[in-house]
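Enquirer: Sequences and hints are given; from them, build the entire structure.
The primary structure of each chain is shown beneath.
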Amino acid sequence: MTEQVATLGESASVKRTRRTRTLEQQQRLWGWIFLSPWLIGFLVFTLFPMAASLYLSFTDFTIGQPPNWVGLKNWENLFKDPVTYNSLRVTFRFAIIMLPVAILVPLGLASLLNSKYLAGKRVFRALFYMPYIIPAISGIFIWQSFLNGQTGLLNRLLRLAGIADPPDWLFSPTWIHPAMVLIGLWGVGNAMLTMLAGMQGVPTEYYEAATVDGAGPLMRFRHITLPMISPVILYNLVLTVIGLMQYFVVPWVLSNTTRSNPETNFINLHLYREGFQFFHMGYASALAWFLFIIGLILTLIVLYSSRRWVYYSSGE
Amino acid sequence: MATQSSVINAPQFSRQLRRFGLTALVTLFGLILLIVYLLPFPNMVTVSLRDQAALAQTPDSTMLPVMPATYNYEGKDYPLYEVPTDEGVRQLALVKPGRRSSQFVDPAKPEAGIIEWEGNWRQLKEVEVLSPRWENFSEAWQKIDFPRLFRNTFAIAIGGVIGTLLSCISVAYAFARFPIPGKNILFVILIGTIILPQQVTLIPTYLFFSYLGWVGTWAPLIVPHFFANAYNVFLLRQYFLTLPKELDEAAMIDGAGPFRILTEVIIPQSWPAIVAVAIFHFVFAWNDFFMPLIYLLSKPELQPVSIGVQVFNFQYGPRPELVQATSLMAMVLPLIIFFLAQRFFMRGVVITGVEK
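In order, the protein sequences belong to chains A and B.
Under our numbering, the first residue of the first sequence is numbered 749, with each subsequent residue one higher.
Under our numbering, the first residue of the second sequence is numbered 514, with each subsequent residue one higher.
Keep in mind the hints are simulated off the structure, nothing from the lab.
It is possible that part of the hints are untrue.
Unchecked claim - If we take Cβ atoms under 10 Å as the criterion, some of the chain B residues that face chain A in the derived model are: (1) Asn-697; (2) Val-701; (3) Ile-702.
Claimed, not checked - From the derived model, a few chain A residues whose C-beta atoms are all more than 10 Å from chain B: (4) Glu-772; (5) Arg-776; (6) Phe-793; (7) Asn-816; (8) Leu-836; (9) Ser-886; (10) Gly-900; (11) Thr-922; (12) Trp-923; (13) Glu-953; (14) Met-967; (15) Arg-968; (16) Phe-969; (17) Met-1029; (18) Tyr-1052.
Keep in mind the model is a prediction, meaning the values are calculated, not measured.
Ideal placement from N, C-alpha and C gives every residue a C-beta, glycine not left out.
Expert: Structure, rendered in structure tokens:
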């Protein structure tokens, strides 16, 4: 803009350029001012604490005493600690069952809601989404009662269906993870809604063209719907992986009420206990960084693999 | 004529029939799926209304909130039983139980007097009537002190909503409208914070708040929200980008500064996005468990609903009806807000999730 103005003659251009430059500078200044809440917050609540917790992970810090540098001791302990090892095993075991459910169930529900043969779409959409709004704490207690081995509705129905000895979901080490997957079903609302919006954004001409070429519903789903909504699936996959690494409330509440089923010792619970019950804050910081690194690696793997399966229709 | 037109319409008719059939089939399937998906709700409702102390909690007992039926005979209540007699099974009131034979009264014909019945009354089935125990809710309400929990949650949530709106609107405005050097990189960093687990900043942040003397107050749950977060900034920025720049420019020519453009041009056009952010944060604050657990565990008088319900239900674990009643009461408000503001809410979810 300033260069254009400069061709209009010497004296005028100097004046105009100065004025536009000050305007540009002024705009920049205003930009920084409006940006400042985040900039300050990022430094104070993200960058600095991250650096500090990295530092603390090399100390024996506990509340009330100054931290002493202990080198890699926490990190060595972390790899030797059987509790840490077990919590990793529990976290990954659950993640492997939950991850496909957390993607496939909302995908299925979104396909149902997107079907032109479904009557009352808006009602269905609201009701399938509703459990997502229920506070986790209510949801967990509702499921806990539903899954009660003796009096819960689920086991009553299973007995009616002829299963004489249905599992004691929350107390059995074998069944607690499937039970938590069931509880997790109430958390698929957001993924469902975003996938549905993705499906609604697919141009109908694509489907019409494919139908003309003789593609059936499954072919259309596989070769049009899935590629078109793959960016949304990627977004949900990343969020789910991150969420699973930080899984806390459900196992925390269940472990308080089921006399500590050993399979509820997720890595984030381990971290909370080390940091805020035993006050081993140096060790807990190491655990936090460990958790962060694992999550980051998994996210990068997902993002890297996405080059093969995510399709962006508009450039990039 | 009539036959001719019906012949012509036959293919169309069969197509419509097929469409109707498929619609019925898919909708029925959806309905069944929905019922299965929401099956924990009826379980919650019946448990919350039962008189758990009086009723057996065994796998074969009824789930419904029932009470044993009684019949008042000559000023006293007697329990009703299903009694097999010569005239088929009758509902009779047990007046005088005995080991070999018992005395009954027929509520339909009390004037007929005592009926002797041979057999062991203990093997008879009690008559049960539906009798929801609404007092469970008032008992839970008082025991857990819901008014206090609601007040606390509201204060935390409203404080956070104000903070998140002020900061996120400002930051989103910066990203949407101003020529900041390195803006794209900054935006990527902002979005990147989504994958950052809060645990990695948790301990130093806790120490910082503890140094300020804020542990055991609401401040750690409110103040950080005055510094913007990725989701809401993203949502608002996307919305601001859709607003035509001409209006800003017109206001600028009229002499409005950037702050006035924000308050008089941008904000009045952005209510759907702003309402969505406010609801998101409200629901988030209502739901948040981890942070109140860290900062308010030792302060029962300041705890929000999430922690209060958990602590209470841990204490009252053997009273499943109170546990279910509190869970129900804790979720009513977010649900009402959701159903009232559904449109804004879902639109907001879609913007953050799809338009990346």
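Enquirer: Taking the hints in turn, state whether each one holds.
Expert: Hint by hint, here is what the structure shows:
1. Asn-697: violated (13 Å)
2. Val-701: Violated, because the Cβ-Cβ distance from B/Val-701 to chain A comes to roughly 13 Å (cut-off 10 Å).
3. Ile-702: holds (7 Å)
4. Glu-772: violated (7 Å)
5. Arg-776: The claim breaks: A/Arg-776 does not keep its Cβ more than 10 Å from every Cβ of chain B (closest is about 6 Å).
6. Phe-793: violated (5 Å)
7. Asn-816: holds (16 Å)
8. Leu-836: holds (14 Å)
9. Ser-886: Nearest chain B Cβ is 4 Å from A/Ser-886, so the label is violated.
10. Gly-900: violated (7 Å)
11. Thr-922: Non-interface label stands for A/Thr-922: nearest chain B Cβ at 20 Å, farther than 10 Å.
12. Trp-923: Given that every Cβ of chain B is farther than 10 Å from that of A/Trp-923, nearest at about 16 Å, it holds.
13. Glu-953: holds (20 Å)
14. Met-967: Check passes; 18 Å lies beyond 10 Å.
15. Arg-968: Correct as stated: the minimum Cβ-Cβ distance to chain B is 16 Å, above 10 Å.
16. Phe-969: holds (15 Å)
17. Met-1029: violated (5 Å)
18. Tyr-1052: holds (14 Å)
Taken one by one, the earlier hints fail for this structure at numbers 1, 2, 4, 5, 6, 9, 10, 17, listed in ascending order.
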